[in-house]
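Enquirer: Please model the complete structure; the sequences and the hints are all you need to start from.
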Amino acid sequence: MEQQADAAGFAMWLFLLTEVMFFGGLFTAYLIYRNWYYPAFVAGSHQLDVRWGTLNTLVLIISSFTMAMGVWCAETRRRSGLVLCLILTFILGLGFLGIKTVEYSEKIEKHHVPGLHYSLQSFTHPETDAAAVKAGDKPLPPDMARHTEIYFSLYFAMTGMHALHMIIGIGILGFMIFRARAGAYTTGHVTFVENFGLYWHFVDIIWIYLFALLYLISRHA
Amino acid sequence: MSEQKQHDEQAHHIVGPKVYVTILIALLVGTALTVWASFIDLGFWNPIIAMAIATTKATLVVLFFMHVKYSSKLTKLTVGAGVFTFLALVGMTLSDYISRAWGRW
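Chains A and B, in that order, are what the protein sequence lines are.
Taking the numbering used here, I'd label the letters of the first sequence as residues 1 to 221.
Taking the numbering used here, I'd label the letters of the second sequence as residues 222 to 326.
FYI, nobody ran anything at the bench for these hints, they're computed from the structure.
Remember, it's a predicted structure, so these values are computed and weren't measured experimentally.
No residue lacks a Cβ here, since even glycine has one placed at the ideal position from N, Cα and C.
Just to be clear, a hint being listed does not mean it is correct.
[To be verified] Examples of chain B residues lying across from chain A (beta carbon under 10 angstroms, computed):
id, residue
1, P238
2, Y241
3, L245
4, V256
5, I261
6, L263
7, M272
8, T276
9, F286
10, T299
11, T306
12, L310
13, V311
14, L315
[Said to hold, decoys possible] Output of the computed footprint for chain B on chain A, the stretches with three or more beta carbons under 8 angstroms from beta carbons of chain B:
id, region
15, 12 to 20
16, 24 to 33
17, 54 to 64
18, 72 to 85
19, 200 to 207
Expert: Okay, structure coming up:
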């Protein structure tokens, strides 16, 4: 049994490492393009609202805490405690996606979604855009302004892939809540809960870096 | 005997609520710090401070929430090797990009 648990944990870590490499590619692309088209990436970043980003960071960190407590409940065979922790994690996960939806719809309204309807208005005429005015943005020349589309492509690719991981995680959480109510994980078989915990914390770590890279590092540039 | 007992304790180590609450508070403080720091104009240092705080937070999550501090040597080595490979790949890619068109970026 001990060996089986070790092997399962090891396998989970190997899977997480492939995930690290996957997100690492996106992070690297972001860093390279940010260096190339620095003014465009700064102006793009100024369109994000730090308040939403901070709130989402807090929601996700607390959900990581409730998940960790869930693992502890499973290990110490507290069935109702485990169910409560999983439900809280589930709700916080949905809360995160809800806030992300608010942010995405703002981007759709302002035509900041890359594609045919993309608008350079906020970047070539920052005086017409409240967020750009607040950040004190100066007008970008059109050839630099169009590179903001790369910023938003990477923004949607990275936060979208992260959100997809959240959606998958929330789905698995729903399944686990039913199984936990039936007492599945509180009889000594905690591997599934533990490995899901690893996945959930990994998704949290990705967001910690996304928050810093997308929202924070370009506030004063 | 004592070695065996130690091994068992390590293998069955259960991390308790006290540790989790402490780490939660540390992560919340870290988040507040990094947001606060982003509002101060530190020029060149802004991104470095943001990434340093993010890395500290991530390390806390890995060590305590993900139990790596209490895990087997195999797990520790796996995580360490993963971080090393990640840094090597990103570092070499970035150094290539930054050195090709030297002075023309």
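Enquirer: With 10 angstroms as the cut and Cβ atoms as the points, is T276/B at the interface with chain A?
Expert: At 8 angstroms from the nearest chain A Cβ, T276/B passes the 10 angstroms test, so the hint holds.
Enquirer: Regarding the hint that Y241/B lies at the interface with chain A, is the smallest CB-CB distance below 10 angstroms?
Expert: Because about 5 angstroms separates Y241/B from the closest Cβ in chain A, which is inside the 10 angstroms limit, the hint holds.
Enquirer: With a cut-off of 10 angstroms on the beta carbons, see whether L310/B makes it to chain A.
Expert: holds, 7 angstroms
Enquirer: So, V256/B near chain A? Judge it on the closest CB pair being under 10 angstroms.
Expert: At 5 angstroms from the nearest chain A Cβ, V256/B passes the 10 angstroms test, so the hint holds.
Enquirer: Answer holds if the nearest beta-carbon of chain A is closer than 10 angstroms to that of F286/B; otherwise answer violated.
Expert: Since chain A brings a Cβ to about 5 angstroms from F286/B, closer than 10 angstroms, the hint holds.
Enquirer: Less than 10 angstroms between beta-carbons is the criterion; does P238/B satisfy it with respect to chain A?
Expert: Constraint on P238/B satisfied, holds at 6 angstroms.
Enquirer: Examine the region 24 to 33 of chain A for residues whose CB is less than 8 angstroms from any CB of chain B, and state whether their number is three or more.
Expert: Held - the region 24 to 33 of chain A has 5 residues with a Cβ nearer than 8 angstroms to chain B, which meets the minimum of three.
Enquirer: Regarding the hint that T306/B lies at the interface with chain A, is the smallest CB-CB distance below 10 angstroms?
Expert: holds, 8 angstroms
Enquirer: If you take the shortest Cβ to Cβ gap from L263/B to chain A, is it below 10 angstroms?
Expert: holds, 7 angstroms
Enquirer: Is the interface hint satisfied for L315/B? The criterion is a beta-carbon contact with chain A at less than 10 angstroms.
Expert: Interface hint status for L315/B: holds (6 angstroms vs cutoff 10 angstroms).
Enquirer: Against chain A, with CB atoms and a cut of 10 angstroms, does the hint on L245/B hold up?
Expert: L245/B check passes; min Cβ-Cβ to chain A is 4 angstroms, inside 10 angstroms.
Enquirer: Is the interface hint for I261/B satisfied, with its Cβ closer than 10 angstroms to some Cβ of chain A?
Expert: holds, 8 angstroms
Against the hints set out earlier in the document, no violation occurs for any number.
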